[in-house]
Structure formats: structure tokens, C-alpha cells
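Listed in order, the protein sequences are those of chains A and B. Counting in the numbering used here, the first sequence runs from 1 upward without gaps. Counting in the numbering used here, the second sequence runs from 1 upward without gaps.
Just so you know, the hints here were simulated from the structure itself, not pulled from any lab data. Here the structure is a predicted model, which means the values were calculated and not measured. Fair warning: there could be bad hints in the mix.
To be verified - Once the Cα atoms are required to be at most 30 Å apart in a straight line, the calculated DSS-like pairs of lysine-lysine come out as:
| no. | chain 1 | residue 1 | chain 2 | residue 2 |
| --- | --- | --- | --- | --- |
| 1 | A | 308 | B | 225 |
| 2 | B | 81 | A | 308 |
| 3 | B | 6 | B | 322 |
| 4 | A | 308 | B | 242 |
| 5 | B | 6 | B | 235 |
| 6 | B | 3 | A | 120 |
| 7 | B | 225 | B | 346 |
| 8 | B | 232 | A | 293 |
| 9 | A | 293 | B | 235 |
| 10 | A | 308 | B | 235 |
| 11 | B | 235 | A | 295 |
| 12 | A | 112 | A | 163 |
Unchecked claim - Going by beta-carbon spacing under 10 Å, a handful of chain A positions derived as facing chain B:
| no. | residue |
| --- | --- |
| 13 | 83 |
| 14 | 99 |
| 15 | 100 |
| 16 | 105 |
| 17 | 111 |
| 18 | 158 |
| 19 | 161 |
| 20 | 214 |
| 21 | 215 |
| 22 | 216 |
| 23 | 231 |
| 24 | 269 |
| 25 | 280 |
| 26 | 296 |
| 27 | 300 |
Here a beta-carbon is modelled for each residue, glycine too, at the ideal position from N, C-alpha and C.
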Amino acid sequence: MSLDISFIGILIGSIMASSVPLILAASGELITERSGVLNLGVEGMMIIGAISGFALMVITDNLFIAIVGSMLSGVIISLIFGFLTQSLLTNHVATGLALTIFGIGLSAMLGKNFVGIPGKEFPILFSSLKESIPFFGPILFGHSIVLYFAFALPFLTNYFLKKTKLGLIVRAVGDSPVSASNQGINVILVRYCCILYGGAMCGLAGAYLSLIYTPQWIENMTAGRGWIALALVVFATWSPIKVLIGALIFGGITILQLHMQAIGFRIPVQFLSALPYLMTIIVLVVISRDSRKIKLNTPTSLGRIFYKEK
Amino acid sequence: MIKIEKRNDVPMALYFFTPFIAIILTILGGGIIFYILGFNPIEALKFYFITPISNLYGFSELLLKATPLCLIAIGLSFCFKSNNWNIGAEGQLTFGAIVGGGVALLFYNQEGFYILPLVIIAGAIGGMIFALIPAILKTYFNTNEILVSLMLVYVSKLLLDYLVVGPWSNPEGFNFPETRQFSDSSRMPLLFEGLRIHAGIFLALAAVMLSWFVLYKTYLGFQIKVSGLSLKTAKYAGFKGKTMILVVFMISGACAGLAGVGEITGPIGQLHRMISPDYGFTAIIVAFLGRLNPFGIIFASLVVALTYLGAETAQIFLQIPKYTGQVFQGMILFFLLASDYLLFFKVKILNLKKNELRH
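If we strip away everything but chain A, and leave its shape as in the complex, we get:
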């Protein structure tokens, strides 16, 4: 294997591709958490997005419907979480866990007849430029539209949170729901919207896996990516741009690990596969050690139940 410049270009391109589901899910969850809601159901929403996207693709043979449908299914399943935590005031952690368990079971049940069906090729953009430009070609071109969207998303999210009035409202609701409510903001409504948005992004992240990254349906195919996305939000100290950086690091580890396996590195496969999970722990430790910094950035009301006496 030669480490020439074009190989590095291809390598970076593949790292970007593997980080897409993490960017999407973590950006969605970031908005949810910024509004003060901790949704641990990311893994469950992703897997539901993955199966509904794939199933819709097989049934309708239309990739657009499949992508939109996966986002809608993420919205629907996150609505369960929203109704429970916001309207029935349930504990966020327990409800999120229930959502993940429920989602994994439901996806396997729905996906029973879709195992082994080959996926469809997803159209990529600028494929001619990918081949003709060395190094930059495979980095910048020849990706699916979802990848371009994912890489724009952290910047859009950053702009939304920092520069728009709605973004300010979301942050206010997350940092001080009582004062936001006193200002006449409907805290519950804002949180509902943020939860549903998070659901849509997680659904899309799942569909990216089953339609684009590894176009087929495999049970449990999200393989803990939802949990890594949750860790990424902490890693990023709730800042969208850092989510992008973190997702690229994790994408890098995943790809590196695959390449090490491919060239027969003298470490057992299982240890390499464990790398992303171990890295998550190490990164969390490094980030969280400074408790002041974490406290400063954490949405103040994260995971707390808000109840307004009527």
C-alpha cells in the first residue's frame, strides 16, 4: 500500500462519509439538548430511520420518498418521547432508554422481510470531477447530497443558535425555562419542536446508513452510533462546530481501524473494533475533567422537568 497523495485524498473522503451519521444525529440532538431536553433515544430513532428509509426505498423505488419518509418516521417516534416527557412530565433518561429499546425491537420486527434485499445505488454528485482532480477530487466531489447537507448542518445550526431570534428562544428555554415562560414563551411548545427536529435528523442519519453508506438492511446496523453521537454532544460542549470536528475524529478512527484490519495489522480485529468505543470514553474523560468548563456550557435545565402551574 503506497501512501501517495491521491490515496490520502480517498482516505479523507471515506472518513467524511463515515462521519455523516454522527454529524446528523449529534446536530439534531444538540438542538434538543440546547432546549433543555436530554433524549437518550438517539440510537432508537436512528435505527427506525434506517429501516423505514430502506423499506420505503424497496416499496416505492423512490429514493426521495425514502429519505423524506425516514425523517418523518424519526419525527413520529420522537413524538412519543415528546408527549411523555413534555405533556406527561416523565423522566428524560428513563423515557429515552425506553425509546431506544422500543426502537431496536420495532425496527427488527418491521425489517424482518427486508433482510438480504440488495440496496439501490444512491446518486452521487460531481462524479466526473472526483476522478479528474487529484487529491481534492475525492474529498470535495462524488458524494451524495446528504453528505453535503451534513457538512453544512453544523454551520447552519451555529448560525441558527447564535444569530436568529428563534435560536435565542431555544437557548433561553434551555438555560432558564422559568424566565422564558415569564417572557411569554411557550416553553413546552419550543421543546416539542426541538425534540421533533432531533427526531428528523436522527431518522435521516439512520437512512444515510441503510441507503447510502452500506445500502442494505442489517439488524442493529446503527451499532452504537447513536450513543457515540450523544457522547459527541458532550465532547463538543454543546457547540455545533465542535460536533463537526468530533464527528470527523470518530469517522477517522472508524476508517483507520478498517484499514488496519484490511492490511492485516497484528492486533486482533476485536480490539480494533473496540477502538471507537474506547476513544469515546477517553475523550469524555479528558473533556469532562474540567467540571467548571462543562458546567458553563451545559444548558442549565438539561434533563429537568418543566411544569407550569396553570
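Since the structure of chain A is provided, determine the placement of chain B on it from the hints.
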């Protein structure tokens, strides 16, 4: 008109009654799902909840599955009561099974009364050590225990996979991903001829009694409960928060490790990849359904074990995919959490006229 009022205190009777509401709603929800899937809901529910326990063998299988669930949930109740979110019991179970299984493999060609106790203790210690990782990281590095304990589940499963295909695989096993069979001295004694129910159930019952004693009769139990209700109060009272976090995680890990060792020395008899159908995750639901109460957990473990059995039976007789088990488990927790609303709020149906008069 419906009026919703906040309750001042939670009625205890209702607190233990709402889990039954959740179970009934889950059964109704399950019927609807079966109907959508194109099955006769009554028939499907019968295969799910009645057929599996209609004979002695089925009842033994129910207890067999309830045993690990009960053990793990008892351990988790210590964590959850004190506001520590250990959700990696599945990893602690796996690591406990690895350590216990390692000891059992050391004695694979020996017999002796001392072997089984050694294996059991090793399993408990294994689970305890594995649970200490998120606990230490939480107490000394302020790291989120939810994410760490969960990441370790994947790590432990990969470690088990490495061991059973690599260094610990059976040399006479034609490269199957499994270890040697344990010797009879490493196996849990069976309680009845022809049934799979084994002595591990006594471990679970002992854990129930012990946890009841610790939680309700000791100073440690008092500290755990106060910390769960209000961390500020606990600090004000001068409780050593860090030690308590380590202790509850150790208890929880040891219980999960015991559950793992119970599985491999009980029905399985060796190590392979599939030692647990996610008992560690399902036990979270058991702990909540049992209201974190030792005796409630016994009841809840039987109910949730039935969803495992029912899923298997329904798959055999009706070709309903076995994942309906997980769907049921998720639904139980959803409905349980939802019905908690009744604990904190009073729903009153008012007569409109009277209401107007008051204004």
C-alpha cells in the same frame, strides 16, 4: 370539564398500583400490534402470555429467565435510587461471565465442591470491577456514567468475542466460536430432573432479601435514599458522596456479574458469543416496573421474563418475529412512565355549572 391538579403527596397504594395499569395497557397495545400485523389478537396474546406457562416446563423456563433479570434489577435499584444511571449492566454481566468462565475453564478437567463457589465469586468480582470503571470516572473525572457504562457494553462483548474465537476457543471444537464445556463441578445444580431451573434462583432470592435489609434497615440504605431524593440534602448531611457512588456501582456490578455467571454455569455450560439476550438492558425496565423495591422487582422480573418466553412461543406457533418481545418491553416502560402522571396529578372531572358558580 376536566381539571388537573397537582397532588401534594403521592398516595402509596397508587404508587404500587400503576405498574398494573401499565401492564394492562401493554397487553392492549400488543393486541393492536398483532392486529396490524394480520394476526388474530386474542389468539396471539394467548400464545404470548398463557401458552408459555401452561405446563411445568414452561414455568421452569419462566423462573430461569426471571433469575438473571431479578438479580441485575436488584443491583440497578441501588444505582437508580441514588440517582446513578448505570445502564451498562449488560457489559458488567458479560465481563462477570468472562472472569467466572475463565476460572471455570481453569478447572475444566477437574472435579471438586470448591470449584463452583470460586467461579461464582470470580464472576461477582468481575462484574464489580467492570462497574467500577464508570464509577471511578464519574467520581474523580466528572465523566457521564450513562455514556461510559454503555460504551463498555460494546467493549466487553468484543472482548468476549475475541476470547471465544481466539485464545479460549475449544481446541477440539472445529473452530466453532465457543470454549470447552465446563466440568460438572462448575455447573449450577439443577433443582428438578428434566427442568432447566437451577440453584442460581437462590442467589437471586438472597439478593432480594439482602437488598431489602440494606436499603431499609441500614445507614447505607438511608444515605442512598436521601441522595436519590435530594443531592443537596445529602451533602448538607455530610454523606460521603463519592464513596457511596463507588459502593452502589460495585453492588450493581456484582449482581450483574452473578447473573452472567448464573447463565454460563446454568443453562449454557460454556462461553460463547450469545450468553445473554440483552438481560442487562431489559433489567432496567424490570427495576422501574418493580418500583426499585426488592419485592416489586421479583414480580416485575416474572412479568418481563414472560415477554421473552411469549416472544419465543409466538415465533414458533405463529411465526411472529421474536423481536415483539423488545417492543413489548419498550411499551411496558413507556406506559409505566406515562401512568406515573396519575401519581403527581389528580385528574378531576368537574361539573360545569358548579364551576361557574364558584367564579
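Query raised in the report: Where does the structure disagree with the numbered hints, that is, which hint numbers, in rising order?
Result: 3, 4, 6, 12, 18, 19, 20, 21, 22, 26 and 27
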